[in-house]
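Each residue of the sequence shown is one higher than the one before, counting from 82 in my numbering.
Honestly, the hints are just simulated from the structure, not real lab data. Keep in mind that this is a model prediction, so the values were computed, not measured. All residues carry an ideal CB built from backbone N, CA and C; glycine is no exception. Any given hint could turn out to be false.
Distance windows between CB atoms, simulated [as the list claims (entries may be wrong)]:
#1 178 x 158: 25 to 33 angstroms
#2 86 x 187: 48 to 56 angstroms
#3 151 x 192: 50 to 58 angstroms
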Amino acid sequence: MRIGDLARASGLTTKTIRYYEQAGLMPAPPRTPGGYRDYPAEAVTRLTFIRDAQGAGLTLAEIRSVLSLRDSGQAPCGRVTELIDQHLSEIERRLVELRATREALRGLARRAARTDPGTCSQGDICTILTPAAEPRP
82 MRIGDLARAS
92 GLTTKTIRYY
102 EQAGLMPAPP
112 RTPGGYRDYP
122 AEAVTRLTFI
132 RDAQGAGLTL
142 AEIRSVLSLR
152 DSGQAPCGRV
162 TELIDQHLSE
172 IERRLVELRA
182 TREALRGLAR
192 RAARTDPGTC
202 SQGDICTILT
212 PAAEPRP
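Build the full structure now, drawing on both the sequences and the hints.
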């Protein structure tokens, strides 16, 4: 199958397919006598897996490691489970950070709602983000 046909069948662009080949995610296909890439039908399955794995948040390096296991005859499900668990942990950590950031922004929004821009001194940039220092005793 030529690259254009593979692109249509996989829903990816020819440029993306060439990139995946260059990045080591797709094996280099044999060439026709005319020099065109001649992909096997299984290439659609591999590209669909790559697309789905990216959609699940896996990096290309992680996907490459999974494909490498499969290419060597091993079942990669254990590795995929490990990667999913790692990504879930990272997302949970980021959610905690995002919730804290959301609360900080809500506080700033409340401060902004009661801040009169006319009361900012010339030395202040913006007291919404950096309130005036408390007077020292």
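task = Kindly confirm whether 25 to 33 angstroms is satisfied by the beta carbon distance between residue 178 and residue 158.
result = 31 angstroms, holds
message = For the hint 50 to 58 angstroms, verify it against the beta carbon of residue 151 and that of residue 192.
response = 54 angstroms, holds
key: Cβ distance range 48 to 56 angstroms for residue 86 and residue 187, holds or violated   = Holds, at about 52 angstroms.
The structure fails none of the hints (numbered hints given earlier).
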